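Asker: Chains as they are written, first to last, in UniProt numbering: chain L, 1 to 311; chain F, 1 to 330.
Treat the hints as calculated values from the structure; they're not laboratory data. Just so you know, these numbers come straight off a predicted model, no measurement behind them. Among the clues, some could well be false.
Just the calculated beta-carbon pair ranges, DEER-fashion [stated by the list, open to error]:
| no. | chain 1 | residue 1 | chain 2 | residue 2 | range |
| --- | --- | --- | --- | --- | --- |
| 1 | L | Y275 | F | E125 | 47 to 57 Å |
| 2 | F | S78 | L | D124 | 28 to 38 Å |
| 3 | L | Y137 | F | M1 | 39 to 49 Å |
| 4 | F | E173 | L | D124 | 27 to 37 Å |
| 5 | F | G264 | L | E144 | 55 to 65 Å |
| 6 | L | A162 | F | G155 | 37 to 47 Å |
| 7 | L | D118 | F | S78 | 43 to 53 Å |
| 8 | F | S78 | L | G267 | 42 to 52 Å |
| 9 | F | K159 | L | N234 | 49 to 59 Å |
| 10 | F | G18 | L | K270 | 52 to 62 Å |
| 11 | F | V247 | L | Y275 | 58 to 68 Å |
| 12 | F | P307 | L | Y137 | 48 to 58 Å |
| 13 | F | G222 | L | G35 | 23 to 33 Å |
| 14 | F | K131 | L | Y137 | 25 to 35 Å |
In this text, a Cβ means the ideal position worked out from N, Cα and C, and glycines have one as well.
Okay, here's what each chain looks like letter by letter:
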Amino acid sequence: MEERNLNYTYMTNLWGNINYKQINNFDEWYMGDFGNAYYYQDWDKILRYFAGAGFKGIEIMVFSVPSIRNAFGSMKNFKEFAQERGIERITGMFSHHVGSQDKRNHPEIYAYEQQAIDALAECDGINLIVQPAGQYYGTGPLDEEGLKNVAECMNTVGRMCAEKGLAVSIHNEFWCAVNKYDHEKFLEMTDPRYVFYCLDTAQVAIMGKDILHFYDTYHDRVQYFHIKDTTYINAPDEKRFGPGAEFDEHGARWFWEPGGGLLDFKGLWKLMKKYNHKGWIGIESDGTPEPLATILLTKNYIDTVLDPIYK
Amino acid sequence: MKAVASFGIVNADTSGPGAFLRAAKWYWDELTDMFPAAGFTSIMIPMVPNTENVSRNGAPICTASIKTRFGSPEGYLSYLNDKGIENVEAITISAQSQYNSLFETGLPIEKFFDEFYKHAQDTVEALQQFKGSVLLVSPTPGIGFLNETFNNDEGKIQKFLGEAAECMNRIGEYCKEGNINMAIRNEYWTLMRGAAIDDFMKNVDTNLVSYAPDPAHLHIAGADPVEYFKKYAGQAKTVCFTDTKFVDELDAYKTISPEFPQDGRVQRVYYDLGFGDMDFEALYAILKDADFDGPVILDSKYSLDIPKGILRMRTFWNNLEKNYAAKEVK
Numbered sequence: 001m002e003e004r005n006l007n008y009t010y011m012t013n014l015w016g017n018i019n020y021k022q023i024n025n026f027d028e029w030y031m032g033d034f035g036n037a038y039y040y041q042d043w044d045k046i047l048r049y050f051a052g053a054g055f056k057g058i059e060i061m062v063f064s065v066p067s068i069r070n071a072f073g074s075m076k077n078f079k080e081f082a083q084e085r086g087i088e089r090i091t092g093m094f095s096h097h098v099g100s101q102d103k104r105n106h107p108e109i110y111a112y113e114q115q116a117i118d119a120l121a122e123c124d125g126i127n128l129i130v131q132p133a134g135q136y137y138g139t140g141p142l143d144e145e146g147l148k149n150v151a152e153c154m155n156t157v158g159r160m161c162a163e164k165g166l167a168v169s170i171h172n173e174f175w176c177a178v179n180k181y182d183h184e185k186f187l188e189m190t191d192p193r194y195v196f197y198c199l200d201t202a203q204v205a206i207m208g209k210d211i212l213h214f215y216d217t218y219h220d221r222v223q224y225f226h227i228k229d230t231t232y233i234n235a236p237d238e239k240r241f242g243p244g245a246e247f248d249e250h251g252a253r254w255f256w257e258p259g260g261g262l263l264d265f266k267g268l269w270k271l272m273k274k275y276n277h278k279g280w281i282g283i284e285s286d287g288t289p290e291p292l293a294t295i296l297l298t299k300n301y302i303d304t305v306l307d308p309i310y311k
Numbered sequence: 001m002k003a004v005a006s007f008g009i010v011n012a013d014t015s016g017p018g019a020f021l022r023a024a025k026w027y028w029d030e031l032t033d034m035f036p037a038a039g040f041t042s043i044m045i046p047m048v049p050n051t052e053n054v055s056r057n058g059a060p061i062c063t064a065s066i067k068t069r070f071g072s073p074e075g076y077l078s079y080l081n082d083k084g085i086e087n088v089e090a091i092t093i094s095a096q097s098q099y100n101s102l103f104e105t106g107l108p109i110e111k112f113f114d115e116f117y118k119h120a121q122d123t124v125e126a127l128q129q130f131k132g133s134v135l136l137v138s139p140t141p142g143i144g145f146l147n148e149t150f151n152n153d154e155g156k157i158q159k160f161l162g163e164a165a166e167c168m169n170r171i172g173e174y175c176k177e178g179n180i181n182m183a184i185r186n187e188y189w190t191l192m193r194g195a196a197i198d199d200f201m202k203n204v205d206t207n208l209v210s211y212a213p214d215p216a217h218l219h220i221a222g223a224d225p226v227e228y229f230k231k232y233a234g235q236a237k238t239v240c241f242t243d244t245k246f247v248d249e250l251d252a253y254k255t256i257s258p259e260f261p262q263d264g265r266v267q268r269v270y271y272d273l274g275f276g277d278m279d280f281e282a283l284y285a286i287l288k289d290a291d292f293d294g295p296v297i298l299d300s301k302y303s304l305d306i307p308k309g310i311l312r313m314r315t316f317w318n319n320l321e322k323n324y325a326a327k328e329v330k
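Just need the whole structure built from these sequences, with the hints factored in.
Answerer: This is how it looks when you write it as structure tokens:
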């Protein structure tokens, strides 16, 4: 691998849920239907699309763990299968702490997260990326006690991760119960020894935060990234706090590949250079209607815009 | 007979361009319009337990997502009525989806049937508001999952099967109190696959619990659909029409990926109705002979092209009725 400060890993959720290890018979999926299903249903091809586009790492969703185990038998087998196809590292896994504002839910969350941590460790992962609480609708705003409980839950899971040699990082969705008005406060309530921050550029910008200012302020905590663009900077509360806000009622697209929206990635890369950031940079493109196009546009943006600034 | 179109035509857990967006309400807004456009005024919805992750979903995948988006099942029915759909005739719940939720909820297997019963109660209450008539229930998770959970201990698995029968009776009783019919589906990877349904039906109270034969699942499990439709048409409150070409050469039914066989060159299980190998004309005639006048669930499960699949369902049903009528005239 070329000697670089930054390597790129791609969150696989833009594909949906992948059920097959490898599809073996083109005709079975083509004859009679004459569509493209053959190309998009198995890890074999999807991993090769990422590797073919030049990405060396992937991230997975915790919801995928059961179907990966069903298909491969173990996470270790999955890791080896990915490596054979040019994916060097399964770097991260997304998870969530729905209900964490209530301490009574913590034992179930810990039991659930232990499964996630074990699965991530089994595939030699690095970082558990965690939505710290459920959606704002029906949960927020959190009072002092609720926020404290959410932080305590993150700290405990951070220690559980550390025991397995993993890190945990906060991934703050724009529609999460932890939101604009307590975002930084919450980060500061967590234990910096165990809890890091995964800066999802679009989510945080939609929430109304200046991503450059935030990174400049918290660069010590921001060790992981989900890079994605948006055209909805500083969306109003009613858009973020509604039921199921993650999916716009009328189909408006929240997230774009970098360069497709309004965020200042050049500025962010200059700051990464200033702070000598090193590690895997995650790309996330949830919601794209055309994953392959988005993956290739992203790689081209990295090659032509971001790498010349810092790589 | 009443043709009821299944929302199971959409695989909400698949991959590909746009697959992620199947959780968006706008996707379902447009899709829902297509069913009455193809002449279907009654639907069946497969539902999963209410976990937090799916509850924020824009798809009508569980009662919580419906309440989040429409306020209540009644609110959802009003939305459907505006679109030309008269009712949700049936809901399917499955022990497999209950089992799948254990990972997210962290609940132990010992609480399985208590949770499944609560899931059924919640669904029946929604079904009443939907002006529906049938709750379809698949009683056990897959054989492969149970073997894994119980370390292949046949005694524990048989005990679990006994508990499944008790749970079905409880659900059946709850359904009866609510004027809902309860019917069992025997998917080919479950403990009552194929001919095993006969023994299972002996262990439930048939005053409360009926069996809904399903040709694709019977066929894959090695049972003759014609024989089973003849045997059970008289007691049926509903039947399912599902098509397949799948031959389970490598015993996928025993694995932990039975619906998505991982090995071999035969990996696709479901086909749009009329595009597989099932003899639906024979099955339709059996139902007619038995004076069956209940709902027929048309389930082109996991179609690869959903708008086309909905239209194909209409063509399929039209052809069945037309061909039967032509034979009657002869």
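Asker: Look at each hint and say if it fits the structure.
Answerer: We went through each hint and held it up to the structure:
About 55 Å separates the C-beta atoms of Y275 of chain L and E125 of chain F, a value consistent with the hinted range of 47 to 57 Å. Between S78 of chain F and D124 of chain L the Cβ separation comes to about 51 Å, which falls outside the hinted range of 28 to 38 Å. Taking the beta carbon of each, Y137 of chain L and M1 of chain F are about 42 Å apart, inside 39 to 49 Å as hinted. Look at E173 of chain F against D124 of chain L: about 51 Å separates their beta carbons, and that is not inside 27 to 37 Å.
For the pair G264 of chain F and E144 of chain L, the supplied restraint of 55 to 65 Å holds, since their beta-carbon distance comes to about 58 Å. The hint said 37 to 47 Å for the Cβ distance between A162 of chain L and G155 of chain F, and at roughly 41 Å that hint holds. With their beta carbons about 46 Å apart, D118 of chain L and S78 of chain F fall inside the hinted range of 43 to 53 Å. In this structure the supplied range 42 to 52 Å holds for S78 of chain F paired with G267 of chain L, their Cβ-Cβ distance being about 49 Å.
Distance hint check: the CB atoms of K159 of chain F and N234 of chain L are about 58 Å apart, consistent with the given range 49 to 59 Å. Taking 52 to 62 Å as the suggested C-beta distance range, the pair G18 of chain F and K270 of chain L does not conform, at roughly 36 Å. V247 of chain F and Y275 of chain L have their C-beta atoms about 59 Å apart, which keeps the hinted 58 to 68 Å range intact. Between P307 of chain F and Y137 of chain L, the C-beta spacing of about 31 Å breaks the proposed range 48 to 58 Å.
Separated by about 30 Å at the C-beta atoms, G222 of chain F and G35 of chain L satisfy the suggested range of 23 to 33 Å. A hinted range of 25 to 35 Å for the beta carbons of K131 of chain F and Y137 of chain L is consistent with their spacing of about 28 Å.
Of the hints listed earlier, those the structure fails to meet are numbers 2, 4, 10, 12, in rising order.
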